[in-house]
Amino acid sequence: MKVRIRTTMLVCFPVIGSRFAETLRRTSGRHIYTTRSVQTERNKNMKTQSIHHTKIVPAFLIALAFSCLVFSAAAQTGNPSIVGLWRVHYFENGAQVFQSFDQWHSDGQEFEVANIFGLSCQGVFRQRQDGGVQLFHTGWNYDANGNLTGYFDETQIVKVSADSQNYTGTFDIKNFDENGKFLSEDKGTLRATRLNVH
Numbered sequence: 103m104k105v106r107i108r109t110t111m112l113v114c115f116p117v118i119g120s121r122f123a124e125t126l127r128r129t130s131g132r133h134i135y136t137t138r139s140v141q142t143e144r145n146k147n148m149k150t151q152s153i154h155h156t157k158i159v160p161a162f163l164i165a166l167a168f169s170c171l172v173f174s175a176a177a178q179t180g181n182p183s184i185v186g187l188w189r190v191h192y193f194e195n196g197a198q199v200f201q202s203f204d205q206w207h208s209d210g211q212e213f214e215v216a217n218i219f220g221l222s223c224q225g226v227f228r229q230r231q232d233g234g235v236q237l238f239h240t241g242w243n244y245d246a247n248g249n250l251t252g253y254f255d256e257t258q259i260v261k262v263s264a265d266s267q268n269y270t271g272t273f274d275i276k277n278f279d280e281n282g283k284f285l286s287e288d289k290g291t292l293r294a295t296r297l298n299v300h
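Per my numbering, the very first residue in the sequence shown carries number 103; after that it's consecutive.
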């Protein structure tokens with residue numbers, strides 16, 4: 103007995119009859135089907151028997167599965183999640199320089215609104231192997247009159263408390279003019295408290 107198994111990616115339609123399966127095989131569609139041909143040595147004139155099996159794999163289910171895995175690393179390692187809304191206090195040399203409301207999203211995006219000229223900025227973050235969180239953050243800088251003076255890039259390394267209600271860490275802000283020329287750098291510490299629904 104000779105068995106051949108052929109698998110091809112198809113589209114999401116049921117397979118009906120061998121002629122339809124052969125057409126799909128030739129056109130190399132996007133569905134999945136399997137054809138099994140069985141031939142015996144005793145009877146080579148016997149018609150090839152085909153068994154068609156279709157698996158429907160919707161793309162949205164695959165995308166959903168991958169999106170669920172994006173931030174499962176924190177949960178799997180037992181690290182507290184930073185996802186949520188926080189009130190953040192920034193300090194340089196022990197003195198508070200500004201505050202913000204910071205929203206961390208489960209897709210790795212982050213959005214912050216500070217109390218400096220209504221400054222809003224955004225960033226991306228990832229879970230570190232040491233259990234901390236690393237953030238890259240960017241936004242525009244303005245002078246006291248509200249005129250654009252350039253932009254900044256900020257790096258934060260933070261650690262969420264075991265009860266997930268606070269985080270602390272460091273920040274490093276590099277300021278640039280509108281053409282990308284480096285102007286100054288600010289470093290310090292920060293601490294944040296989670297804001298919950300009352």
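Hints are supplied without guarantee of correctness; some may be wrong.
Derived lysine-lysine pairs resembling DSS-like cross-links, with alpha carbons at most 27 Å apart [said to hold, decoys possible]:
(1) 276 <-> 261
(2) 289 <-> 261
(3) 276 <-> 289
Computed Cβ-Cβ distance ranges for the label pairs, DEER-style [to be verified]:
(4) 242 <-> 265: 34 to 40 Å
(5) 286 <-> 232: 15 to 21 Å
(6) 248 <-> 300: 30 to 36 Å
(7) 297 <-> 221: 29 to 35 Å
(8) 265 <-> 232: 14 to 20 Å
(9) 219 <-> 300: 16 to 22 Å
(10) 245 <-> 270: 29 to 35 Å
(11) 194 <-> 284: 28 to 34 Å
(12) 257 <-> 205: 33 to 39 Å
Because the hints were derived from the structure by calculation, they are not lab data. Glycine residues also receive a C-beta, built at the ideal position from the N, C-alpha and C atoms.
Evaluated hints:
no., hint, verdict
1, 276 <-> 261, "22 Å, holds"
2, 289 <-> 261, "17 Å, holds"
3, 276 <-> 289, "9 Å, holds"
4, 242 <-> 265: 34 to 40 Å, "35 Å, holds"
5, 286 <-> 232: 15 to 21 Å, "29 Å, violated"
6, 248 <-> 300: 30 to 36 Å, "34 Å, holds"
7, 297 <-> 221: 29 to 35 Å, "19 Å, violated"
8, 265 <-> 232: 14 to 20 Å, "19 Å, holds"
9, 219 <-> 300: 16 to 22 Å, "29 Å, violated"
10, 245 <-> 270: 29 to 35 Å, "31 Å, holds"
11, 194 <-> 284: 28 to 34 Å, "19 Å, violated"
12, 257 <-> 205: 33 to 39 Å, "18 Å, violated"
In terms of the numbered hints stated before, the structure departs from hints 5, 7, 9, 11 and 12, listed from lowest to highest.
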